[in-house]
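Undergrad: So you can see what is in the structure, the chains are spelled out below.
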Amino acid sequence: MLTAPVIVLASFAYVGLLFAIASYGDRRADQGRSIIANPYIYALSLAVYCTSWTFYGSVGRAATSGIGFLPIYLGPTLMAALWWYVMLKIIRISKRNRITSIADFIASRYGKSQMLGGLVTIIAVVGIVPYIALQLKAISNTFSIVLRYPDVVMPAKHGAPLFLGDNTFYIAMLLAAFTILFGTRHLDATERHEGLVAAVAFESLVKLLAFIAVGLFVTFWMYDGFGDIFSRAAEAVDTSAMLMLGGGTGDYASWGSLTLLSMAAIMFLPRQFQVTVVENVDERHLNKAIWLFPLYLLAINLFVLPISFGGLLHFPGAAVDADTFVLTLPISEGNAWLALFAFIGGLSAATGMVIVETIALSTMVCNDLLMPVLLRMKALRLTERRDLSGLLLGIRRGAIVLILVMGYLYFYLAGEAYALVSIGLISFAAVAQFAPAIIGGIFWKGGTRNAAMSGLAAGFMVWAYTLLLPSFAKSGWLPITFLSEGVLGVELLRPQQLFGLQGLDDITHCLFWSMLANIGCYIGVSLLGRPSADEHRQATLFVDVLRHPSAAAHGSRFWRGSASVEDLQRLLGRFIGPERARDAFAAFARSRGADSPAALGADAALVHYAESLLAGAIGNASARVMVASVVEEEPLGLDEVMNIIDEASQVLAYSRQLELKSRELETATEELRSANQRLQELDRLKDDFISTVTHELRTPLTSIRAFSEILNDNPRLDDAQRNKFLAIIIKESERLTRLINQVLDLAKIESGNAEWHTSEIDLREVIEDSIAEVSQLLKDQGIHLETRLPLELPAILADRDRLLQVMLNLLSNAAKFCDRPGGRITVGLARQRHYLRVDVTDNGAGIGEADQEIIFEKFRQAGDTLTQKPRGSGLGLAISRQIINHFGGRLWVKSRRGEGSTFSFTVPIQHGGPVWGPTADWVAGTAVGPRAP
Amino acid sequence: MIRPSIKGQRLVALFLLGLLLFNYPLLDLFGGPGRLFGIPVLYVYVFSVWALMIVLMAIVVEKRDD
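Going line by line, the protein sequences match chains F and H.
Going left to right, the first sequence walks through residues 1 to 933 as this note's numbering numbers them.
Going left to right, the second sequence walks through residues 1 to 66 as this note's numbering numbers them.
These are calculated hints, taken from the structure and not from any lab test.
Hints may contain errors.
[Unchecked claim] When the alpha-carbon atoms are kept at most 27 Å apart in a straight line, the in silico DSS-like pairs for lysine-lysine are as follows: (1) Lys63/H to Lys724/F; (2) Lys731/F to Lys816/F; (3) Lys63/H to Lys288/F; (4) Lys288/F to Lys7/H.
Same shape as in the complex, but just chain F (with noise of 0.2 Å):
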């Protein structure tokens, strides 16, 4: 019932089955009602990751190496668990630069380089054709299969003529056709392609429900379960050395190696870099697919073991290949349904793979490989042409035939001589070359453009000396001696034993040695070098992109230049046509709040949106190019970097003159506030001085006016008490008068309207005049006065009853405050060599040395006036004060407590005889004199 037909028609029917569900999400995308938006659709999408491989090479690998087909899907596995670190930030930079594959990711993170970009192109092609190939010789293996339903016939070897003779060519061709179809229907500035997302997920549903139905049939229905086909091959095979990893270290040396190769083809297949960030909708979905993904892994694996072993129990002998049990089982038991089941599901593994993976590649070749040397060419005029868009498709339909060709050619030259598991390992070996380039690329922000190229091609040309060469050797199109003997018969060059390196598998032998003179090289010409400012620039975009979340997204970048918003629209509309250019200007000038994009004027946002518009359609770096070619782009030049730092000294010397100055400001507000308080100290000290003033008053006011009330009330009041009251009132009249005097006295010293009579006079005769004054007094007190005046002095100029007033203060003072009885005052005069110095000391209590400043002050005595009787005005020495200090010297006590005290004044002594003229003093004097009336 299998007839060519019917398995031809289900094929197409499948395929056109795909097709409708490819043109579904896009009209539905086209709507904004996305199918593909959901973290499922995503997850079932990044199993195009299972090919052809997947679905009939793993059972194949697991009947020679038993379960060392696992590591490919571990390693995913574990790397699925850092995507949240590393995958995250590549689909951030990727949405952020409108990145369209990992060759534009690679050249974008070292400053734009096209060279790279063209580099990383070809290590992609030459390094998948391998792969392709793959999935074109299990297509066509199975096709010959299914076709001779229901006997197990295994194809023949390759006989027939290439190309036109070759089925497989045919199937290479119908493959590129689908794929034209599906990817490059238009030409899209993100290049995304939702119905095509849809079209892989669903085929990963198909392919996976086709393996599971098999491994079902395998293991339920031809034998009783897990562990009846277990026992069962353990002793019909040995099975032991294939469930054991056991043997020598190369076998774990394998499985580490295998492990680490899927964990970097997980992240860098060109597929998968398309499906998993090109592709992304929304990048909260990835956080979904970190176990969804490898759920699905865990589930196509799950069968693989029961089935390999089923198939050997079952084809004894090695006649039929381990690589199509998935397909040879359903047929030897005549289930036709299934086996058609089987070979669809292999059909979409392979289609699926084989769609995306020319897709991205063309992707690749059209933006970082052709575009930009078609661009220089000067001579094909392309920059004035008017509309690219055609000749963008033309360039990817192109290359899309042209891979499939060469994968074709591939299978044709090499394909036989190794099973398919071997040939995929091949090109997971050299996508593998690009981690270094882009894990060092998005951590760490030293890695140069010369370093990545370097790394990338010391990388890539050992791969292919390693691996792919001998794939060529071991298929007889290189003579085999080139494996046994090396280059030259240099036996240190052999390829799969590089400077003797032994015991190694061929994968393990080349991971070792391309990764080590790509890591070395990258490290090492990093270190070397220093990266240019646009390296720099991109190598922080890169880098920071998670920790400033809006930086690039305003396109922060030193631009200097001139552009025309006419120029950038007709630049745009040449590759994604005219109206869709408009439109995102448009766009564009709406988003910034302007009526149309010439309104806005070509800035250095409008510039860099039309470059990332158009690196979605031809790549960063030739975008970079052709934007270039319309943007008089500035370079910074060494005057304007003088000018930019320029600036910054000088705004850097502002700030410090800011800084200055505001801390003038702080120290005049310290110094206002100060005088403030010092106001307020002398406003509150004048309040003081008027309430004891007034306090003062009263006392002397009180007892006259009792006395005189007295008086009057009793007029016959007898003499003698009325004398003594009269003398009272007489006495305290005298007090108050005085106090009087003494106030204004004050009052006028203090505000330099007193009358001064200087004259040249004689200080002795002062002291003596005073003394006699008070003689009688002390004599009273029985006080004992003692003088030690010299007879010979200057004379100094003075007013005369100024001094006579200090010195009868400073000797009723004494004579108040000495010992009784046997009270003691001295007098002194002394020369200086300036002044004449007067000491007068009494033997009294003495006086603290916190009261020695006070009783200088208005009002104020030593002692507790509260409780003690306070003995005279307490303005004595304040006027006193004020008259030496309006002399020009000086008076101050010496004392302490229980040893008496020294009152001492200096006055300054009138050098070359008296002087008569008009001092400051003496006018102020004579300007308060009798006026005028």
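Using the hints provided, position chain H relative to the given structure of chain F.
TA: This is chain H only, laid out in the frame that chain F set:
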């Protein structure tokens, strides 16, 4: 927007755990000829560890940030 957080650190820890469980010498420990319900121990070990890893990853990712 996904932010690197405690989740990321837990996932890295899981990665390291997986690296340990899927490698020599633990694999060697289970590489013997023993069987569990007729199924080779190594097969059971690898698939159960794999399933465990996925469950743990799912728990870490789906757990609401507290």
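Undergrad: Now tell me, hint by hint, if it's right for this structure.
TA: Consistency of the hints with the structure:
no.	hint	result
1	Lys63/H to Lys724/F	violated, 109 Å
2	Lys731/F to Lys816/F	holds, 19 Å
3	Lys63/H to Lys288/F	holds, 11 Å
4	Lys288/F to Lys7/H	holds, 13 Å
In this structure, the one hint that does not hold is number 1.
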